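**Q** These are the residues of each chain, in order.
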Amino acid sequence: MAIREGEVQEFTLEQLKHLVSERALRGETILLNMGPQHPSTHGVLRLLVELDGETIVSVVPDIGYLHTGIEKHCESKTYTKIIPLTDRIDYLSPMSNNLAYVMAVEKLMGVEVPLRAQYIRVILTELQRIASHLVWLGTHALDIAAMSVFLYCFREREMILDIFEMVSGQRMMVSYFRVGGLWRDVPEGFEDAVRAFLKLMPSRINEYERLLKRNPLWLQRTKGVGVISPEDAIAWGVTGPSLRGSGVNYDVRKAQPYSSYDHFEFDVPLGENGDVYDRFMVRIEEMRQSLRIIDQALRRLPKGPYITPDRKVTPPPKEELAWSMEALIHHFKFWTEGFSPPPGEVYHAVESPRGEFGVYINSDGSPKPRRVHFRAPSFVNLQALPIMAKGCLVADLVAIIGSIDIVLGEVDR
Amino acid sequence: MGAVKEPVAVVAGQKTGEMGVALTTLEEALEWVAAWGRTRAMWPLLFGLACCAIEMMATQASHYDLSRFGMEIMRASPRQADLMIVAGRVSRKMAPVVRRLYDQMTEPKWVIAMGDCASTGGVFNNYAIVQGVDEIIPVDVYVSGCPPRPEGLIEGILLLHEKIRRGGIRSSR
Amino acid sequence: MSIQEVVEAVRTRFGEALQEVIEFRGETTLVVRRESLVDLCRFLRDDPACRFNFLSDLCAVDYWPERPRFAVNYHLYSLPHNLRLRVKVFLEEEDPVVPTVTGIWPTANWHEREVYDLFGIRFEGHPDLRRILLPEDWEGHPLRRDHPLVVEPVQFSFNWREIDSRKPYVRE
Ligand code: SF4
Chain A
1 MAIREGEVQE FTLEQLKHLV SERALRGETI LLNMGPQHPS THGVLRLLVE LDGETIVSVV
61 PDIGYLHTGI EKHCESKTYT KIIPLTDRID YLSPMSNNLA YVMAVEKLMG VEVPLRAQYI
121 RVILTELQRI ASHLVWLGTH ALDIAAMSVF LYCFREREMI LDIFEMVSGQ RMMVSYFRVG
181 GLWRDVPEGF EDAVRAFLKL MPSRINEYER LLKRNPLWLQ RTKGVGVISP EDAIAWGVTG
241 PSLRGSGVNY DVRKAQPYSS YDHFEFDVPL GENGDVYDRF MVRIEEMRQS LRIIDQALRR
301 LPKGPYITPD RKVTPPPKEE LAWSMEALIH HFKFWTEGFS PPPGEVYHAV ESPRGEFGVY
361 INSDGSPKPR RVHFRAPSFV NLQALPIMAK GCLVADLVAI IGSIDIVLGE VDR
Chain B
414 MGAVKEPVAV VAGQKTGEMG VALTTLEEAL EWVAAWGRTR AMWPLLFGLA CCAIEMMATQ
474 ASHYDLSRFG MEIMRASPRQ ADLMIVAGRV SRKMAPVVRR LYDQMTEPKW VIAMGDCAST
534 GGVFNNYAIV QGVDEIIPVD VYVSGCPPRP EGLIEGILLL HEKIRRGGIR SSR
Chain C
587 MSIQEVVEAV RTRFGEALQE VIEFRGETTL VVRRESLVDL CRFLRDDPAC RFNFLSDLCA
647 VDYWPERPRF AVNYHLYSLP HNLRLRVKVF LEEEDPVVPT VTGIWPTANW HEREVYDLFG
707 IRFEGHPDLR RILLPEDWEG HPLRRDHPLV VEPVQFSFNW REIDSRKPYV RE
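Chains as they are written, first to last, in the numbering used here: chain A, 1 to 413; chain B, 414 to 586; chain C, 587 to 758.
Hints are computed from structural coordinates only; laboratory data are not their basis. Computed from a prediction, not measured in an experiment: that's the story for all the values here. For every residue, glycine included, the Cβ atom is placed at its ideal position computed from N, Cα and C. Be a bit skeptical, because a hint or two may be false.
What the hints assert, rightly or not - With the Cβ distance kept under 8 Å, some of the chain A side facing chain C (calculated, not the full set):
#, residue
1, His18
2, Gly64
3, His73
4, Ala349
5, Asp412
Let the hints inform the model, and build the full structure from the sequences given.
**A** Written out as structure tokens, the structure is:
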């Protein structure tokens, strides 16, 4: 399809008649376009806002400006080669995406993962959760004009990225988990690096909290703003901290534990009012709980293999290629053709920093999937934006968008 | 190694890129001043598309500190910006918007394509993604990587500074 | 509550309309007829034995070239009972229409728009069935399996020139 220069998609009022109120048609309220290039929409979100004075009457999100066709792309790749694509869906938490995807394939293949790999997966996904919440906190605070928090948050995030770089060689797009385990064992010095981080972080979290929690400006901008009731939140499929901010206790890690999350003790923080402030407090508390999980996992980190010995889903070890013809053939077959799961379909969900991240795989028995679908939490959570924003002031809109913590890569996939 | 020993002053001049200029004519003097002005305070457009935008934010934030190059102010309005960092993949739906933003920027203006997606389409050779942002707007510097490290972006910016310095006053880009 | 009891409850209530029950890797799939989909979903949500009050996900699958060609999956979750269930409807290529479930779970709204956008499956009774991810004037439905993925050939050194000459660069 050719690109028509300078032709930005426009809507006529006729097309949107059923989405705005009657008064907009009579010209009593203002229709305002926001985005797709706007500093506080966290990417390329476009909103059509209907305003009565300064009060929001309705919000109509228009998404798809980052549609990447990842689901289609997956159909043309073998199961192993899809892993790097999953990184790029929710680019603030590649580890969680990797985890959801490889666990879905493991379910499909019926593979057991060694305990060491499971524990390392837990450590890394929890580090990722903290990193993601740090970016959220920094940008969210920046939107509500608290500049310094942004600088602090990115300082700590660099420590986590250094750990990721240590294990995988990349700062962001890690692709570290493999079907059946991990790419490699964690390098020497990994445990020390994580310990150093664990030691430093609690005081830093207290610092962020002190900066904001009792700050009168912050309270005015967040308390009682963007409220969503528990019933609405469930009906609209909201998950993650946005749901727990309304007081609904649903966390996939607790409800349906995966990757041995049931071995660790942690609490699920809950809010009460379902406003921006509660969602903020839930995420801050979640960071502390993540530290708790990492600490336990690190203490009890078992020795052993880091990937399953099942040769169906793993390539043979490099040393074996030197003397074994079979291993060489297997290596070649594995990387060119891939492995073939039995026909069938599975759905596996994990708790990503934004909520329930699910992967649906439909296999036709060939080395490439028939269909891969990602249940992206941001996509669903964003749907609840019009409900949260109704009746708020237009300035609160950025606070509300920030508080549901959307990642546009995941919304549009 | 038969390297010729150069005078220290010239080496220092090459390093900073300004002392070696001999001010012979008025035009050259003006050019030097213009390049100096253009490179010392570039205002990038605050405009993130995808994953690369997070690395761009990391570049601005405390650890890498882009303000060392006079670029700490990101302008949210294209009319106040003179550098567009296309950070991320450009979808077919977004392409006209990017083009319009570029058209709205005032001359002189420059473009950095940050990341593989903006440069060539990257891993996404499919129906939804524009195969390189150079299909819709002219690009000055391509930065490779998926995502490029902050150091990579900084190098791209320094390269662009170099290009501007060599460009002269009358070339708008 | 266990998933077997849910399946039994549905079987006694709907009988014929429940075409098949599939067990695979510990997941249960109910294949149902299109006509009774909405009733069945409402029953699953409201019946005290089921209480599937949370629609996790909704997606379509293209089985091309097999027939029936399309299937729509509803991934349900029950918060009170902590159970997961998949409901599946098969659709023929000539008539890709399903009744909407937005009246039961409002969250289905965008999911259904996405399926409409990418597969061209229409949802009867949907309040706002527009394209969601692709531009309004896009032609075709890219996630159908007979739609090509790649729109641009990959450039190698031997064909670089030729492809490059066709590329729509902006040249000033
Ligand atoms: S180059 Fe990589 S990191 Fe950058 S936008 Fe593309 S996929 Fe994301």
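**Q** Have a go at the His18/A hint: is there a Cβ in chain C nearer than 8 Å to its own Cβ?
**A** With a closest approach of 6 Å, the His18/A hint holds.
**Q** Would the stated hint for His73/A survive a check requiring a Cβ distance to chain C of less than 8 Å?
**A** Since the shortest Cβ distance to chain C is 7 Å, the answer is holds.
**Q** Using Cβ atoms only, decide whether Ala349/A comes closer than 8 Å to chain C, and label the hint accordingly.
**A** For Ala349/A, the interface hint holds, since the closest Cβ of chain C sits about 7 Å away, which is under 8 Å.
**Q** Quick check on the hint: Gly64/A CB to chain C CB, less than 8 Å?
**A** Since the shortest Cβ distance to chain C is 4 Å, the answer is holds.
**Q** Does the nearest C-beta of chain C fall within a distance shorter than 8 Å of the C-beta of Asp412/A?
**A** Nearest chain C Cβ about 6 Å off; hint holds.
The structure agrees with every numbered hint stated previously.
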